[in-house]
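Peer 1: Residue numbers (full-length UniProt numbering), protein chains in the order written: chain C, 1 to 277; chain V, 1 to 277; chain U, 1 to 277; chain W, 1 to 277.
Any given hint could turn out to be false.
Which copy? The list can't say, so a pair holds if one copy fits it or any two copies do.
What the hints assert, rightly or not - For lysine-lysine, the following DSS-like pairs were computed, each having C-alpha atoms within a straight-line distance of at most 27 Å: (1) K54 x K237; (2) K124 x K247; (3) K65 x K124; (4) K247 x K8; (5) K8 x K237.
Rather than coming from a laboratory, the hints here were simulated on the basis of the structure.
Protein chains: 4
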Amino acid sequence: MLSSIDVKLVYDVAEPTHFCLHLQVADHADQHLREERLQVEPALPLHDYRDPVKGNRFVRFDAPKGQLQVHYRAEVEVNYALPTPGLGEAPVNQIPDEVLHFLSPTRYCESDLLGNAAQQLFCKAPAGLERVQAISDWIHDNIAYTPGSSDATTTAQQIFVQRQGVCRDFAHLGVTFCRALNIPARLVAGYVFFDEPPQDFHAIFEAWLDGRWVLFDPTRMAPVERLVRVGTGRDAKDVAFATLFGKAQLLSKDIAVRESETPPAATPGQPLLRAVA
Amino acid sequence: MLSSIDVKLVYDVAEPTHFCLHLQVADHADQHLREERLQVEPALPLHDYRDPVKGNRFVRFDAPKGQLQVHYRAEVEVNYALPTPGLGEAPVNQIPDEVLHFLSPTRYCESDLLGNAAQQLFCKAPAGLERVQAISDWIHDNIAYTPGSSDATTTAQQIFVQRQGVCRDFAHLGVTFCRALNIPARLVAGYVFFDEPPQDFHAIFEAWLDGRWVLFDPTRMAPVERLVRVGTGRDAKDVAFATLFGKAQLLSKDIAVRESETPPAATPGQPLLRAVA
Amino acid sequence: MLSSIDVKLVYDVAEPTHFCLHLQVADHADQHLREERLQVEPALPLHDYRDPVKGNRFVRFDAPKGQLQVHYRAEVEVNYALPTPGLGEAPVNQIPDEVLHFLSPTRYCESDLLGNAAQQLFCKAPAGLERVQAISDWIHDNIAYTPGSSDATTTAQQIFVQRQGVCRDFAHLGVTFCRALNIPARLVAGYVFFDEPPQDFHAIFEAWLDGRWVLFDPTRMAPVERLVRVGTGRDAKDVAFATLFGKAQLLSKDIAVRESETPPAATPGQPLLRAVA
Amino acid sequence: MLSSIDVKLVYDVAEPTHFCLHLQVADHADQHLREERLQVEPALPLHDYRDPVKGNRFVRFDAPKGQLQVHYRAEVEVNYALPTPGLGEAPVNQIPDEVLHFLSPTRYCESDLLGNAAQQLFCKAPAGLERVQAISDWIHDNIAYTPGSSDATTTAQQIFVQRQGVCRDFAHLGVTFCRALNIPARLVAGYVFFDEPPQDFHAIFEAWLDGRWVLFDPTRMAPVERLVRVGTGRDAKDVAFATLFGKAQLLSKDIAVRESETPPAATPGQPLLRAVA
Chain C
1 MLSSIDVKLV
11 YDVAEPTHFC
21 LHLQVADHAD
31 QHLREERLQV
41 EPALPLHDYR
51 DPVKGNRFVR
61 FDAPKGQLQV
71 HYRAEVEVNY
81 ALPTPGLGEA
91 PVNQIPDEVL
101 HFLSPTRYCE
111 SDLLGNAAQQ
121 LFCKAPAGLE
131 RVQAISDWIH
141 DNIAYTPGSS
151 DATTTAQQIF
161 VQRQGVCRDF
171 AHLGVTFCRA
181 LNIPARLVAG
191 YVFFDEPPQD
201 FHAIFEAWLD
211 GRWVLFDPTR
221 MAPVERLVRV
231 GTGRDAKDVA
241 FATLFGKAQL
251 LSKDIAVRES
261 ETPPAATPGQ
271 PLLRAVA
Chain V
1 MLSSIDVKLV
11 YDVAEPTHFC
21 LHLQVADHAD
31 QHLREERLQV
41 EPALPLHDYR
51 DPVKGNRFVR
61 FDAPKGQLQV
71 HYRAEVEVNY
81 ALPTPGLGEA
91 PVNQIPDEVL
101 HFLSPTRYCE
111 SDLLGNAAQQ
121 LFCKAPAGLE
131 RVQAISDWIH
141 DNIAYTPGSS
151 DATTTAQQIF
161 VQRQGVCRDF
171 AHLGVTFCRA
181 LNIPARLVAG
191 YVFFDEPPQD
201 FHAIFEAWLD
211 GRWVLFDPTR
221 MAPVERLVRV
231 GTGRDAKDVA
241 FATLFGKAQL
251 LSKDIAVRES
261 ETPPAATPGQ
271 PLLRAVA
Chain U
1 MLSSIDVKLV
11 YDVAEPTHFC
21 LHLQVADHAD
31 QHLREERLQV
41 EPALPLHDYR
51 DPVKGNRFVR
61 FDAPKGQLQV
71 HYRAEVEVNY
81 ALPTPGLGEA
91 PVNQIPDEVL
101 HFLSPTRYCE
111 SDLLGNAAQQ
121 LFCKAPAGLE
131 RVQAISDWIH
141 DNIAYTPGSS
151 DATTTAQQIF
161 VQRQGVCRDF
171 AHLGVTFCRA
181 LNIPARLVAG
191 YVFFDEPPQD
201 FHAIFEAWLD
211 GRWVLFDPTR
221 MAPVERLVRV
231 GTGRDAKDVA
241 FATLFGKAQL
251 LSKDIAVRES
261 ETPPAATPGQ
271 PLLRAVA
Chain W
1 MLSSIDVKLV
11 YDVAEPTHFC
21 LHLQVADHAD
31 QHLREERLQV
41 EPALPLHDYR
51 DPVKGNRFVR
61 FDAPKGQLQV
71 HYRAEVEVNY
81 ALPTPGLGEA
91 PVNQIPDEVL
101 HFLSPTRYCE
111 SDLLGNAAQQ
121 LFCKAPAGLE
131 RVQAISDWIH
141 DNIAYTPGSS
151 DATTTAQQIF
161 VQRQGVCRDF
171 AHLGVTFCRA
181 LNIPARLVAG
191 YVFFDEPPQD
201 FHAIFEAWLD
211 GRWVLFDPTR
221 MAPVERLVRV
231 GTGRDAKDVA
241 FATLFGKAQL
251 LSKDIAVRES
261 ETPPAATPGQ
271 PLLRAVA
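Just chain C, with the same shape it has in the complex (with noise of 0.2 Å):
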């Protein structure tokens, strides 16, 4: 799958302000960058930083006030692989040392107060693949997707008892049973195609189930192989794509993701990425 992702932010900056952004996609085995430009207007000194251990990449800098324009483009050869029917669950004791702290409750995963209630609902589920599937399929079937139903505070505990959310919501309740369950689990966030417009940002989640992680979407928005990985990370809060310190208005987001099933050959040894300042 080759996809192609153009994504447009305009901001008013009502004072000088420090921007965090977190668009571009990720260094991740499953996917092959193959060319990206980022632009942003007016001109600044950009600052790229790569997390060595999650692959996130972040550009920093000082928008003055004013108008701010920021352009990213991206080719992305995505192979994800699909886990094998049947995939365990690992015991708690060969679950790696890096992996471990997964299982922790973060600011929007409480899983730690969820205990009783994803024993409950999915004890009797099959160990392994069909379990976290069973969890994304309550979810979806008793979470009524709503926009406008949550904000950048609500937290799965929230969803869990108003039964409406969106993306994120959907995707943290998921990490968040699992994580009751001893399953490690992240969130994921990124780009994919989706058959109803408006494109936007995607959040869905992923398990570690025995040796891999595999990705769920409990909105079922699009099929969880597509997606151009942006960001993973221990919640929402890891994988903002925009966190601004200052004064400043997002004024309009354009996200634009095309696919296409048959990907030209790349060329290798070309500089992937010329961040236009």
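Position chains V, U and W against the provided structure of chain C, taking the given hints into account.
Peer 2: Quick look at chains V, U and W alone, frame taken from chain C:
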């Protein structure tokens, strides 16, 4: 059913404390108080209060520093009529004015937050008695009775999340689901014989169905028709057995309830309350 | 003070909906209703209800699908007597039985959770009028009046944390602090002229001090002695201006309040309520 | 400062349980481990893990049914340099990439909810060391140290409302206020000698000021420069002294800390960790 109640409370009063006790059986059409005695030691001037609408009875007094003993005994005939099977649900426009406010959320019953969950879980149950029975059954099946898992500030929302609680919590969740479905509901506190000791204060709920209040006990600890009613309220704060203003510690609480199927005839005209101070 | 109230509400009723409106000025010793008219279009059978204890008045009716207009006009003389400076605080054992329950926490006023904070902030203020004034001042100084920062489920605890809200939230926090300090308190909703438009429903609170209820407005948007009282309740759920059961959307809400210092003499014997359906 | 640590834990393991213990002193520039011994009885295969970034060390093992004893002893030289008075605050654009995420809210530190309160309380304090000291002082003065008033799920928001907690809660609130003011902050767990027994694990926090991490202890139970660091984390979930997967009960916990001002010379080349299983 004739029930004999015997309650002994011992407090260590660390500084002069105002007591508001709510131990006495209620004025209520379903029960007939045959004999009653309330003793406080040391002897103190007691002030009685009966809520003219709900029939709840309170005794207020100022306790000095030192040990305080309260002893309450009563003999009560309970004649609760079980509801007709198939009892329906009043449409909102037929709920009487004085009953309407039992649809409102209260401190421990956030029916405004649990609306979607209630719809989801119980919308398919037939309206009326069967729906409230479905609510009561769901609570019994999904909430673990776990002493110590909740405290005086725990709300129905928390119980719905943590999936464990005690009788008060079970009742609050029942009240909450009913209100969320436009069925007026309220908390009922009282005495009842439990097969499994120790005896204690009990809390259940009642729902307003087709012109009458119907009792439900999601704990299934005792038949509802045997409950000797002490208090009726919006939620637990209205029917606490003791509210203290000052500094006192409950050292011991002994409650004995005996039930006999064939009550001897009551002697009319006899003064019922003999508060001995 | 003579106040003229003019309220126009327009609803789009999407499906048959039961309305319970609470727009009419209360039966209350501090105010004298000189003239009043309530019109609903289309013409519908209206059912009136007056709460015998609080004096709150409700109109209930079934609205069919379509547009619904409500027009309420009233002329009211308000004679609220400002409290004597130095008014004290009743010790708990002198709080009347019917007033005692205004110490209890309610849905939006978790006085059981904010006890320590209230003690900490206000224990040094002189008991009585000055303490409640200190509470009202603290709220004014520490909570930002920010329309849109809260919603119908926001509680005093949240306001204490987020430090912003609207009049209803200010009043809830006042009620909560008072109750936490064993001062009975309740919410008061009504009409008052604001210097800064737009006019709207207003919410303030009153505390029970030495035998009388005293009004406080932490928003300082208008003098409390000018408030035309519509409702008195434990918290906002008791005094909502409209409670709808069904599916209807408020399209517009226009409220006009005019005040004149010298009221013309009332004509006794005139029928006051002329509900025109 | 030379500190001797002696920790004894006894567990009753009811069913086979996976242990992840976090008792050992951290790899950290401010301290030098002179000698250390970890014993588990019965003898079990132990797996060591050191977080390469934070220096936290964990021991994992599978414990069988039965009693389990853990004994940890260490001698550590602590050389924490107190910060220069007047140390400033880094502007956000100078916070290093790896440090930036310590501005994010976490499970127990809802800095996104307490932004206004933090601004209100600390905006007037001079930026830098003095501001964080003001935060620490405020917590000391306004939160009561009350064992039993919080549990493993209590968050900073709750502590801010209830105004009582233990060392972990004090530290969480400090972390939360700092993050809300764009000062990176994190939790530090360790051992320190308390004047008032019993000794226990301790939790404090550190804030990132002008290029270095500076410790603060809002409990004022011990000088921060004496803390033997065990763990550094986003919040308490990262530095729990024991995380158990299974069913085991802590029967006893004995912690002894001795401090001496003049440390004898260390013998270089000696193997430090002698884990005896």
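Peer 1: Against each hint, give a clear statement of whether it holds in the structure.
Peer 2: Here is how each hint holds up against the structure:
{"no.": "1", "hint": "K54 x K237", "result": "both (14 Å within a copy, 20 Å between copies)"}
{"no.": "2", "hint": "K124 x K247", "result": "between (50 Å within a copy, 20 Å between copies)"}
{"no.": "3", "hint": "K65 x K124", "result": "between (57 Å within a copy, 25 Å between copies)"}
{"no.": "4", "hint": "K247 x K8", "result": "within (19 Å within a copy, 38 Å between copies)"}
{"no.": "5", "hint": "K8 x K237", "result": "within (22 Å within a copy, 38 Å between copies)"}
Figure legend: structure checked against the earlier numbered hints; every hint is met.
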